[in-house]
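Let the sequences and hints guide you as you build the complete structure.
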Amino acid sequence: MKIKDFAVMGFKNLWRRKLRTILTAVGVAIGTFSIVIMLSLGIAMTEGYKNQLAEWGNLTKITVNRYGYYYDEESGMGVSNEQKLDDNIVQTLSEIEHVRGVTPVLNVDARLKSGKYEAWCSITGIDPDTLEYFDFPEVASGEYISDDNPTALLFGQNACYFYNPRGNNNWNNESPVDLMNDQIKITFDGIYDSTSKTPKYSKLNVAGVMAQNDTEMNYSVYVPIKQAIEWYKKYNPQYKKKKELSYESIWVSVDDVDNVKQVQEQIKAMGYSTYSMADNLDDVQEISNTLQLILGGIGAVSLLVSAIGIANTMIMSIYERTKEIGVMKVLGCVVTDIRKLFLFEASIIGLLGGTIGLALSYGVSFVLNKYAPEIGGMIGLSSNQAISIIPIWLALSALGFAILIGIVSGLYPAKKATKIRAIEAMRTEG
Amino acid sequence: MEAIIEVKNATKIYRVGTEKIVALDNVSFTINKGDFCCLLGSSGSGKSTLLNIMAGIEKITSGDIFIKGKKITKMGEHQLAKFRQKYLGFVFQSYNLINSLTALENVELPLVFKEEPKKIRLKKSKEILGKVGLEKRLKHKPSQMSGGQQQRVGIARAFVANPEVVFADEPTGNLDSKTAKEIMGIIKQIAEERNQTIVMVTHDIEIAKFANKVIHIHDGHIERIEGEQLNEEN
Chain A
1 MKIKDFAVMG
11 FKNLWRRKLR
21 TILTAVGVAI
31 GTFSIVIMLS
41 LGIAMTEGYK
51 NQLAEWGNLT
61 KITVNRYGYY
71 YDEESGMGVS
81 NEQKLDDNIV
91 QTLSEIEHVR
101 GVTPVLNVDA
111 RLKSGKYEAW
121 CSITGIDPDT
131 LEYFDFPEVA
141 SGEYISDDNP
151 TALLFGQNAC
161 YFYNPRGNNN
171 WNNESPVDLM
181 NDQIKITFDG
191 IYDSTSKTPK
201 YSKLNVAGVM
211 AQNDTEMNYS
221 VYVPIKQAIE
231 WYKKYNPQYK
241 KKKELSYESI
251 WVSVDDVDNV
261 KQVQEQIKAM
271 GYSTYSMADN
281 LDDVQEISNT
291 LQLILGGIGA
301 VSLLVSAIGI
311 ANTMIMSIYE
321 RTKEIGVMKV
331 LGCVVTDIRK
341 LFLFEASIIG
351 LLGGTIGLAL
361 SYGVSFVLNK
371 YAPEIGGMIG
381 LSSNQAISII
391 PIWLALSALG
401 FAILIGIVSG
411 LYPAKKATKI
421 RAIEAMRTEG
Chain B
1001 MEAIIEVKNA
1011 TKIYRVGTEK
1021 IVALDNVSFT
1031 INKGDFCCLL
1041 GSSGSGKSTL
1051 LNIMAGIEKI
1061 TSGDIFIKGK
1071 KITKMGEHQL
1081 AKFRQKYLGF
1091 VFQSYNLINS
1101 LTALENVELP
1111 LVFKEEPKKI
1121 RLKKSKEILG
1131 KVGLEKRLKH
1141 KPSQMSGGQQ
1151 QRVGIARAFV
1161 ANPEVVFADE
1171 PTGNLDSKTA
1181 KEIMGIIKQI
1191 AEERNQTIVM
1201 VTHDIEIAKF
1211 ANKVIHIHDG
1221 HIERIEGEQL
1231 NEEN
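So the sequences go chain by chain: A and B.
Note that our numbering numbers the first sequence so that position 194 is 194, with each residue one more than the last.
Note that our numbering numbers the second sequence so that position 170 is 1170, with each residue one more than the last.
Check the hints yourself; a few may be wrong.
[What the hints assert, rightly or not] Facing chain A, a subset of chain B residues (Cβ under 8 Å, in silico):
hint, residue
1, L1109
2, D1169
3, T1179
[As the list claims (entries may be wrong)] In silico DMTMM-like cross-links for lysine to aspartate or glutamate, where the CA-CA straight-line distance does not exceed 20 Å:
hint, chain 1, residue 1, chain 2, residue 2
4, A, K340, B, E1116
5, B, K1082, A, D214
6, A, K2, B, E1206
These are calculated hints, taken from the structure and not from any lab test.
In this text, a Cβ means the ideal position worked out from N, Cα and C, and glycines have one as well.
Below is the structure:
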């Protein structure tokens, strides 16, 4: 028989037992629906967590800290060791494959003053040429730092809190100082030692202020690294004693989030301890895999039940069609065609159920996401995050799986059908 | 005359519990091409068993059946199915039409199994349905037709692939005598037109009169074989 003939006969056979076909398909639909919805929740959770991590920091960024923390197996405790970070290391790191930008980081603390207001701030020196790799927010006013204007600072929107040392401060108010337009002075005196000599202020240059955002950059002040080194050498008491400079940390930007792990391993192999948001991602991935396995397992049970339903329906149908199958044999239908016909019918039930289940899943997913702000808030997800995501691969594999379930459930009934003997056609009853 | 079916020492023994029932006991005969052969006997005589064995529907206990010189008693299931597609047609007592299919689709069925192209299938099926007088009922389901009409569809289905031999098991057993005669007339007419061989089982002497060769079966034995003379009396 040809495919088209199987289709015509198969559909007619299924249609003749409409109610039973539909009920069986509904079983498959419920199974498919459970699996798809369960997995979609798991996928959405992973996505949500990824987005949250990305909000907290750049996922393609690896940080090598001067004071690296690691877990010491002998003592069973977390210990820290100092690793000297200099330009040689910066150079070495920038030569690793998949690394697109490296900057040394050095902090210098300073005090700012504008009129009667004062502020403490930590100024971070970075290489201005690498700004683009570390997801710096847009500048709301002014411009980014550059080596052309080395003393000009780049402020995060909430980098400095100006307060009045001799007055009442309302901590909720907007900053009383306009960074771009007000006169601001800076001093490095009286920061590292509490000697009470009068600080010497000099005029501060502001390059720009960045737009409001959710990362650490919102609370930081940046300056070109060359300037930071200069200030550090001039004012840092430790440097004054030892005359030895080590960067606070080194930031490494990797071209793709998938390569972060590989690069990180290489840096570790050089003997440096590292930190990246991707470290957390691994844990999240593991948790979400376990979660999806459990959720998918629950769905799989209902699909298993529906597989038994299909097998049952097909076996019933064989009992009803015993004579018909006998007649087909007498009329010259080969055994393989009988098997194919039954497998076809079983897989169509699977496909039908899978399609209904998938449609149902998309519907429920839509409703869930529509009310996601309320529900998501209840279970602690950020409010704009979808709580059910059905990627196209999930939809397609669910359909494929439903068909497969149909075929597998149809195997035994189909085999049984081929065993029916031609003599059944000769029975006069029925 | 060319022999188309040869039955040699056919024996069929059924086992019911520990008891053996001999349904056919060492039966031998020959049917020629173009014969309208009737296996006549009362209920339980073994005539239906004989037909089933000749068509390869039931396994033989011992002996051999040759159709067109091929030993069908040694064929496997697949081979037998292919042989049926090519050379054999069937008419059943209870019509055995597929209820979910229309008259036209039922008639098409043997050609579907043969994997003939759709166009040719339709042409042949419509033509043969016209011959049995059902050109206006192509789209009817079996449940919408009378017994006589259903059996006409059954006949069309048996003849559509132009088989060399058509087996008919009590084809008029469920019909009134007037319709039965019509049905027999149709079978005889088509078979004669195409020089096809008919092997028919019946218990009805009136129906047997349509045959040119009548084999009387009693208790698993051939009682006697009548040749052309019955036909002449008709």
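* Please name the hints from earlier in the document that this structure breaks, with their numbers sorted from lowest to highest. => Hints 3, 5 and 6 not satisfied by this model.
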